[in-house]
Amino acid sequence: MQNNAYQAYNASNISVESPQKLVLMLYEGVLRFISRAKKAIIENNIQDKVLYINKTSAIFMELSNSLDMSQGDVSYYLKGLYGREIARLIEANIKNDPKLLDEVVNVTRELIAAWNDVTKPDEAQKNAISQGA
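Quick note on numbering: the sequence shown equals residues 1 to 133 in UniProt numbering.
Quick caveat, the hints were computed from the structure, so don't treat them as lab data. Glycine included, each C-beta is placed from N, C-alpha and C at the ideal position. Check before you lean on any hint, since a few could be wrong.
Simulated pairs of lysine to aspartate or glutamate, EDC-like, Cα-Cα distance not exceeding 16 angstroms [as the list claims (entries may be wrong)]: (1) Lys39 / Asp102; (2) Lys99 / Glu62; (3) Lys79 / Asp68; (4) Lys21 / Asp97; (5) Lys39 / Asp97; (6) Lys79 / Glu62; (7) Lys95 / Glu43; (8) Lys21 / Glu62.
Quick list of simulated restraints, FRET-style, between CB atoms [what the hints assert, rightly or not]: (9) Ser75 / Asp48: 32 to 42 angstroms; (10) Ser18 / Leu78: 12 to 22 angstroms; (11) Asn65 / Ala114: 32 to 42 angstroms; (12) Val50 / Val118: 11 to 21 angstroms; (13) Leu31 / Ile90: 25 to 35 angstroms; (14) Asp73 / Val107: 35 to 45 angstroms; (15) Gly80 / Asn44: 28 to 38 angstroms; (16) Gln47 / Asp73: 13 to 23 angstroms; (17) Met61 / Ile94: 16 to 26 angstroms; (18) Met69 / Asn45: 33 to 43 angstroms.
Could you build the full structure based on these sequences and the hints that come with them?
Structure below.
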């Protein structure tokens, strides 16, 4: 019962977030699941490794599917990048290689930094509006 309440709370949290915040949450989910997948590889826990690599792949697929391709080159670049990261995850899964997961972590951290840079003007604008500027 407690788990259902937590899931309902979590769902309501997500539904009020901006699209920019949701993308950031997905990137953070990638980092969280990769950390768990790396731990599973080290502990030779195949079931958890597959679970968390699949969850990470699902996030990249969702990010890829939600791209607005009418927005130009950035969308095409991100679609290719997400596809590359999925391929890396598959390779890490097959080879049991946490170093390949580290590559995905590094790319995701760069995506987070870039996303924060791109969305900062929106946050600054929102703050200015809320302060009556």
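Evaluation of the provided hints:
With a C-alpha separation of about 12 angstroms, the suggested pairing of Lys39 with Asp102 holds against the 16 angstroms cut-off. Between Lys99 and Glu62 the alpha-carbon distance is near 24 angstroms, which puts this suggested pair outside the 16 angstroms criterion. Between Lys79 and Asp68 the alpha-carbon distance is near 10 angstroms, which keeps this suggested pair within the 16 angstroms criterion. For the hint linking Lys21 to Asp97, the alpha-carbon distance of about 31 angstroms lies beyond 16 angstroms, and the restraint is violated.
At most 16 angstroms may separate the alpha-carbon atoms for a hinted pair to count; Lys39 and Asp97 meet this at roughly 11 angstroms. Between Lys79 and Glu62 the CA atoms are separated by roughly 11 angstroms; this keeps the pair inside 16 angstroms, and the hint holds. Under the criterion of a C-alpha separation no larger than 16 angstroms, the hint pairing Lys95 with Glu43 is consistent with the structure, at around 15 angstroms. Between Lys21 and Glu62 the alpha-carbon distance is near 15 angstroms, which keeps this suggested pair within the 16 angstroms criterion.
For Ser75 paired with Asp48, a C-beta distance near 33 angstroms keeps the hint of 32 to 42 angstroms intact. In this structure the supplied range 12 to 22 angstroms holds for Ser18 paired with Leu78, their Cβ-Cβ distance being about 18 angstroms. One distance hint, 32 to 42 angstroms for the beta-carbon pair Asn65 and Ala114, is violated here, with the actual separation near 20 angstroms. Taking 11 to 21 angstroms as the suggested C-beta distance range, the pair Val50 and Val118 does not conform, at roughly 33 angstroms.
Our hint of 25 to 35 angstroms for Leu31 and Ile90 is violated, since their Cβ atoms are close to 18 angstroms apart. At roughly 18 angstroms, the beta carbons of Asp73 and Val107 sit outside the given window of 35 to 45 angstroms. The hint said 28 to 38 angstroms for the Cβ distance between Gly80 and Asn44, and at roughly 33 angstroms that hint holds. The given range of 13 to 23 angstroms is broken by Gln47 and Asp73, whose C-beta atoms sit roughly 40 angstroms from each other.
In this structure the hint that Met61 and Ile94 lie 16 to 26 angstroms apart at CB holds, the actual value being about 18 angstroms. Separation of Met69 from Asn45 is about 38 angstroms and conforms to the stated range, judged on CB atoms against 33 to 43 angstroms.
In summary, the numbered hints that this structure violates are 2, 4, 11, 12, 13, 14, 16.
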